[in-house]
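*Asks:* Position chain B relative to chain A; hints supplied.
Chain residues, written in single-letter form:
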Amino acid sequence: MSNKSSFFTEDETDALQELMNIAFGKAAAELAEIIDISVVLSFPKLETVKIQELPDFISGDLSINTKCNIVEQTYKGEAGGVAFLIFPFGSESDFLSLFHLDEEDELELFADADREILAEVGNILIGACVSKLFDLLKSPVIYTPPHAIIGQEFGDKFFKGRFSGDDCAIILKTSFFLSEKSVEGFLFLVNNQSSVGPIKHALAKLFESYE
Amino acid sequence: MNKCAQILESINIGIVIIDKDFCITEWNNWMTVYSNKTCEDVRGKSIFDVYPELDKKSFSRGCKAVFTFGNLVFLSSTLHKYLFPFKIQGSNSTFFTHMQQSCYLIPIRNDDDEVDHVMINVHDETENAVLDKQLKELTYIDGLTRAYNRRAFERRLQEEFARHKRTGIPLGIIMFDLDFFKIVNDTYGHQFGDKVLQNVVSACSDCLRTEDFLARYGGEEFVCLLTDQNIDQTRLVAERLRERIEQMTIEEGASSVSVTISAGIADSANCDNRVTLLKMADEGLYAAKRKGRNRVEESDK
Numbered sequence: 001m002s003n004k005s006s007f008f009t010e011d012e013t014d015a016l017q018e019l020m021n022i023a024f025g026k027a028a029a030e031l032a033e034i035i036d037i038s039v040v041l042s043f044p045k046l047e048t049v050k051i052q053e054l055p056d057f058i059s060g061d062l063s064i065n066t067k068c069n070i071v072e073q074t075y076k077g078e079a080g081g082v083a084f085l086i087f088p089f090g091s092e093s094d095f096l097s098l099f100h101l102d103e104e105d106e107l108e109l110f111a112d113a114d115r116e117i118l119a120e121v122g123n124i125l126i127g128a129c130v131s132k133l134f135d136l137l138k139s140p141v142i143y144t145p146p147h148a149i150i151g152q153e154f155g156d157k158f159f160k161g162r163f164s165g166d167d168c169a170i171i172l173k174t175s176f177f178l179s180e181k182s183v184e185g186f187l188f189l190v191n192n193q194s195s196v197g198p199i200k201h202a203l204a205k206l207f208e209s210y211e
Numbered sequence: 001m002n003k004c005a006q007i008l009e010s011i012n013i014g015i016v017i018i019d020k021d022f023c024i025t026e027w028n029n030w031m032t033v034y035s036n037k038t039c040e041d042v043r044g045k046s047i048f049d050v051y052p053e054l055d056k057k058s059f060s061r062g063c064k065a066v067f068t069f070g071n072l073v074f075l076s077s078t079l080h081k082y083l084f085p086f087k088i089q090g091s092n093s094t095f096f097t098h099m100q101q102s103c104y105l106i107p108i109r110n111d112d113d114e115v116d117h118v119m120i121n122v123h124d125e126t127e128n129a130v131l132d133k134q135l136k137e138l139t140y141i142d143g144l145t146r147a148y149n150r151r152a153f154e155r156r157l158q159e160e161f162a163r164h165k166r167t168g169i170p171l172g173i174i175m176f177d178l179d180f181f182k183i184v185n186d187t188y189g190h191q192f193g194d195k196v197l198q199n200v201v202s203a204c205s206d207c208l209r210t211e212d213f214l215a216r217y218g219g220e221e222f223v224c225l226l227t228d229q230n231i232d233q234t235r236l237v238a239e240r241l242r243e244r245i246e247q248m249t250i251e252e253g254a255s256s257v258s259v260t261i262s263a264g265i266a267d268s269a270n271c272d273n274r275v276t277l278l279k280m281a282d283e284g285l286y287a288a289k290r291k292g293r294n295r296v297e298e299s300d301k
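Respectively, the protein sequence lines represent chains A and B. Per the working numbering, the first sequence starts with residue 1, numbered consecutively. Per the working numbering, the second sequence starts with residue 1, numbered consecutively.
No wet-lab data here; the hints were simulated from the structure. A couple of the hints might just be wrong.
[What the hints assert, rightly or not] Which stretches of chain A does chain B cover? Using the computed rule of at least three CB atoms under 8 Å from a CB of chain B, they are: (1) 125–135; (2) 139–146.
[Unchecked claim] Straight-line Cα separation of at most 30 Å, DSSO-like style, residue types lysine-lysine; simulated pairs: (3) B:Lys64 x A:Lys138; (4) B:Lys136 x B:Lys87; (5) A:Lys67 x B:Lys165; (6) B:Lys20 x A:Lys26; (7) B:Lys301 x B:Lys279; (8) B:Lys289 x B:Lys195; (9) B:Lys182 x B:Lys289; (10) A:Lys45 x B:Lys64; (11) B:Lys3 x B:Lys45; (12) A:Lys160 x A:Lys45; (13) A:Lys26 x B:Lys56; (14) A:Lys173 x A:Lys160; (15) A:Lys50 x A:Lys76; (16) A:Lys76 x B:Lys20; (17) B:Lys3 x A:Lys76; (18) B:Lys20 x A:Lys138; (19) A:Lys76 x A:Lys45; (20) B:Lys182 x B:Lys291; (21) A:Lys26 x B:Lys64; (22) B:Lys45 x B:Lys87; (23) A:Lys76 x B:Lys64; (24) B:Lys279 x B:Lys182; (25) B:Lys301 x B:Lys289; (26) A:Lys45 x A:Lys173; (27) B:Lys136 x B:Lys165; (28) A:Lys173 x A:Lys200; (29) A:Lys160 x A:Lys76; (30) A:Lys200 x A:Lys160; (31) A:Lys26 x B:Lys57; (32) B:Lys279 x B:Lys289; (33) B:Lys57 x A:Lys76; (34) B:Lys64 x A:Lys173; (35) B:Lys136 x A:Lys67.
Just so it is clear, CB atoms sit at the ideal spot from N, CA and C, and this is done for glycine as well.
Just chain A, same shape as in the assembly (with noise of 0.2 Å):
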């Protein structure tokens, strides 16, 4: 299923795959420091596949049931594209005890804040391991708003029309254990194929700094 030659060559992959682990292992480390709660990270596995075999790899290897949780988040730069977090449909409310609010900040009854919550965990989530990554590329990234959505299918209507079916989406499953509790999340950046180039530019340039 998965097409990685088309994207990336072995050498390439192995060191994205390496930044990852790097990039993730800070992240965590600053992440507890921020949200004021432990935060463990797995370290993530890295696989690209075509745009339109994603559905189906989430679907099959990730066995996220039809309904799912997702942040997502475009990124621009010269190797900019768009984060999906994914969390199963129904964490939303762990988020929420685990996520204190300002002692003053009381919601209201039927505030419907799991969105906002969502959004705003998922906006720090999805900062921490965009930007460590890239800054590790050093290929600066800047950010627009994030957007979630509860009980949605992960699947082929959801980027109908979005996407080219050359875009290239490079999966980093990862687990979050935040605070004692296991919270397992995916991590999908879907990159277009102009930005593939500059990845690649970006990772010969750190080889080249290490000959």
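*Replies:* Quick look at chain B alone, frame taken from chain A:
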């Protein structure tokens, strides 16, 4: 004034720029209008000295994230209400004391590509928040009694039962209706009947904690959810409601009426789902009716 400065001063959102020490470097005209503090008043000062209210977890967490990761942080008005405490004047002040705000914390990079400032964008969301509040009231509040309606109850029951399942904290329920209410309506008229219902809700509200949830289930039937209350505690509350209503007299001209309630109670112990919990309370209510009314009963099935 250059073009950037003109945009900064005329744009209809608040813009504040702070450095890594949280000292203010920019403060646009929008902020001056709502804070009564000019840029000269605040420039160079710590934002926490100007507004000690900002010294809270969400803001410092957001700023740390921006400086550390260089990402954009969004603070929604739904979760945080506001960042800068700007008092509201006029009609919206009946809904909120302060301007409701959504805020963005945005990284500003220097020539070396390091984030050395954060730009705070402040959007006034008060109009939207008022509309949202009005819509929620229409959706969830019973127009006659001002208690929650059945739709609100169904939703609350679902949330509270899920919480009970997650935490094991008990959940009590009281279902009650007014005894012989049809006779009150037939004798004194429906307008007086409405007044009785309003008085019953008012009396119940006085006897309940703020976290308890009273709803009009339909007609003269009411339901009350009691978080963290087992069956014994629920019985005490139900008895208190029954006694309070029994002692109450409602007067309309020369007429003076007393009413009583029959109540069924249940708690979440031995209930697998919320439907069973509601059914047990309903069975208790019918047991109370069967046994002579003006009493509190559990299901006898």
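*Asks:* Each hint should be assessed against the structure and marked as holding or not.
*Replies:* Results for each hint:
no.: 1; hint: 125–135; result: holds (count 7)
no.: 2; hint: 139–146; result: holds (count 6)
no.: 3; hint: B:Lys64 x A:Lys138; result: holds, 21 Å
no.: 4; hint: B:Lys136 x B:Lys87; result: holds, 23 Å
no.: 5; hint: A:Lys67 x B:Lys165; result: holds, 21 Å
no.: 6; hint: B:Lys20 x A:Lys26; result: holds, 21 Å
no.: 7; hint: B:Lys301 x B:Lys279; result: holds, 11 Å
no.: 8; hint: B:Lys289 x B:Lys195; result: holds, 23 Å
no.: 9; hint: B:Lys182 x B:Lys289; result: holds, 15 Å
no.: 10; hint: A:Lys45 x B:Lys64; result: holds, 28 Å
no.: 11; hint: B:Lys3 x B:Lys45; result: holds, 26 Å
no.: 12; hint: A:Lys160 x A:Lys45; result: holds, 26 Å
no.: 13; hint: A:Lys26 x B:Lys56; result: holds, 25 Å
no.: 14; hint: A:Lys173 x A:Lys160; result: holds, 23 Å
no.: 15; hint: A:Lys50 x A:Lys76; result: holds, 20 Å
no.: 16; hint: A:Lys76 x B:Lys20; result: holds, 24 Å
no.: 17; hint: B:Lys3 x A:Lys76; result: holds, 25 Å
no.: 18; hint: B:Lys20 x A:Lys138; result: holds, 22 Å
no.: 19; hint: A:Lys76 x A:Lys45; result: holds, 24 Å
no.: 20; hint: B:Lys182 x B:Lys291; result: holds, 19 Å
no.: 21; hint: A:Lys26 x B:Lys64; result: holds, 15 Å
no.: 22; hint: B:Lys45 x B:Lys87; result: holds, 22 Å
no.: 23; hint: A:Lys76 x B:Lys64; result: holds, 21 Å
no.: 24; hint: B:Lys279 x B:Lys182; result: holds, 24 Å
no.: 25; hint: B:Lys301 x B:Lys289; result: holds, 15 Å
no.: 26; hint: A:Lys45 x A:Lys173; result: holds, 5 Å
no.: 27; hint: B:Lys136 x B:Lys165; result: holds, 27 Å
no.: 28; hint: A:Lys173 x A:Lys200; result: holds, 21 Å
no.: 29; hint: A:Lys160 x A:Lys76; result: holds, 21 Å
no.: 30; hint: A:Lys200 x A:Lys160; result: holds, 27 Å
no.: 31; hint: A:Lys26 x B:Lys57; result: holds, 22 Å
no.: 32; hint: B:Lys279 x B:Lys289; result: holds, 15 Å
no.: 33; hint: B:Lys57 x A:Lys76; result: holds, 28 Å
no.: 34; hint: B:Lys64 x A:Lys173; result: holds, 26 Å
no.: 35; hint: B:Lys136 x A:Lys67; result: holds, 26 Å
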